[in-house]
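Colleague: So the chains spell out like this:
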Amino acid sequence: MEVITIKTSRKTQFLDITDLVQKAIPENKSGICVVYVPHTTAGVIVNEGADPDVQRDILNIFDKLAPEDFHYYHIEGNSPGHVKSTLTGPSVVLIVEKGKLVLGTWQRIFFGEYDGPRTRKIYVKFIEG
Amino acid sequence: MEVITIKTSRKTQFLDITDLVQKAIPENKSGICVVYVPHTTAGVIVNEGADPDVQRDILNIFDKLAPEDFHYYHIEGNSPGHVKSTLTGPSVVLIVEKGKLVLGTWQRIFFGEYDGPRTRKIYVKFIEG
Amino acid sequence: MEVITIKTSRKTQFLDITDLVQKAIPENKSGICVVYVPHTTAGVIVNEGADPDVQRDILNIFDKLAPEDFHYYHIEGNSPGHVKSTLTGPSVVLIVEKGKLVLGTWQRIFFGEYDGPRTRKIYVKFIEG
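Protein chains in written order, with our numbering: chain A, 110 to 238; chain B, 110 to 238; chain C, 110 to 238.
For the record, the hints were derived by calculation from the structure and aren't laboratory data.
Warning: the hint list may mix true and false statements.
Because identical chains share one entry, a pair is satisfied inside a single copy or across any pair of copies.
Claimed, not checked - Derived BS3-like pairs: lysine-lysine, alpha-carbon spacing no greater than 30 Å straight-line: (1) Lys-173 - Lys-209; (2) Lys-207 - Lys-173; (3) Lys-120 - Lys-173; (4) Lys-132 - Lys-120; (5) Lys-120 - Lys-207; (6) Lys-173 - Lys-138; (7) Lys-132 - Lys-207; (8) Lys-138 - Lys-120; (9) Lys-173 - Lys-132; (10) Lys-116 - Lys-132; (11) Lys-132 - Lys-209.
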């Protein structure tokens, strides 16, 4: 298992981690790769990387789905982050062919920060097969 | 890795791909199977297949969560598709026993089209174990 | 594949299944583990377990996203459960190191009941690697 450390810079943010994940994959091997986030106010998504406005739109809709001004019971004030983390999930599973992540033309892997800025960890586990 | 090609026929749609995925699994082997969609306005879900109204209801709620008339910044007009793709994710991981997908009684695997109609790809990767 | 049987006690509920999943993992082995729910009105999530109010907040937002009083076509009355199941997905994939689930400090694994109370199954499949 490889451990990646990143720093996020905003309250909510999608950070492109595709190249970091690619570096954690063994050379020339094929199989699958689990990208796992050990946090409860963060997640991992795969979506478009070409136009940053796509990430902006997704974050804005997320703010609508889990608004700041809802009647939350958890007193730490980060319940929207827990909801967004639940909606996107802690992990994605990717296919690897000959050491390369198999992604669509427009797909990039993003760390989803929903309660930053913070220092965060990402675990990458490769399974040959 | 097996590649499946499908054609969707509507703007948004859940297309039952269970039989296509089953055909891509090696005979008599056990393990897990990753069904992966290399698109950023599509996804994969597992849900009820018996009553088509279930898929209709899910699509209608998705339209409420990511409405067409929101203030999006991405100018291509398909931001709702990117949001829905993010909410459902690019892949599902299924268990395989002796060459058969292990699904619940009512579960079927659906390709989620959120910006169609289009020709789309699905990757199926089996890992023995 | 290990099969876990649980009973839920409310209409909607997150039930902590971390210890049950841990018991289904072979001792001292490393790899990944798929936790799979064979139901269409349930799911699996990973989120905070320390403060029960976090789960309460997530369930309340889920009720807002898929409300009971929406115009649903499916006549069984459990369409909100199908939507919530679609949003959280049927499975999570976890990393296992030397027989132990690799979870973040605050992370617990929850069975998401969205149309209970019911007797439910959970499948756990370990893949060494």
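Colleague: Is it within, between, both, or neither for Lys-173 and Lys-132, if the alpha carbons may be no more than 30 Å apart?
Modeller: neither (35 Å within a copy, 39 Å between copies)
Colleague: Is it within a copy, between copies, both, or neither that the alpha carbon of Lys-132 lies no farther than 30 Å from that of Lys-209?
Modeller: Result: close both inside a copy and across copies, 9 Å intra and 25 Å inter.
Colleague: Between Lys-132 and Lys-120, at a C-alpha cutoff of 30 Å, which is it: within one copy, between copies, both, or neither?
Modeller: within (27 Å within a copy, 37 Å between copies)
Colleague: Go through the copies and call it for Lys-120 and Lys-173: within, between, both or neither, with a Cα cutoff of 30 Å.
Modeller: Answer is both; intra-copy 15 Å and inter-copy 23 Å each pass.
Colleague: With identical chains treated as interchangeable, where does the CA-CA distance between Lys-138 and Lys-120 reach 30 Å or less: within a copy, between copies, both, or neither?
Modeller: neither (37 Å within a copy, 38 Å between copies)
Colleague: Quick one: Lys-132 to Lys-207, C-alpha cut-off 30 Å, is that within a copy, between copies, both, or neither?
Modeller: both (13 Å within a copy, 24 Å between copies)
Colleague: Which holds for Lys-120 with Lys-207 at a C-alpha limit of 30 Å: within a copy, between copies, both or neither?
Modeller: neither (37 Å within a copy, 35 Å between copies)
Colleague: Using 30 Å as the alpha carbon limit, work out where Lys-116 and Lys-132 are close: within a copy, between copies, both or neither.
Modeller: Close inside one copy (18 Å), not across copies (34 Å); limit 30 Å.
Colleague: Tell me, please, which holds for Lys-173 and Lys-209 at an alpha-carbon limit of 30 Å: within, between, both or neither?
Modeller: Answer is neither: 36 Å inside a copy and 37 Å across each miss the 30 Å cutoff.
Colleague: How would you classify Lys-207 and Lys-173 at a CA-CA limit of 30 Å: within, between, both, or neither?
Modeller: Neither. Shortest intra-copy (41 Å) and inter-copy (41 Å) distances fail the 30 Å Cα cut-off.
Colleague: For the identical chains here, do Lys-173 and Lys-138 meet the 30 Å Cα criterion within one copy, between copies, both, or neither?
Modeller: neither (42 Å within a copy, 43 Å between copies)
Hints 1, 2, 5, 6, 8, 9 from the list above are not met by this structure, while the remaining hints are.
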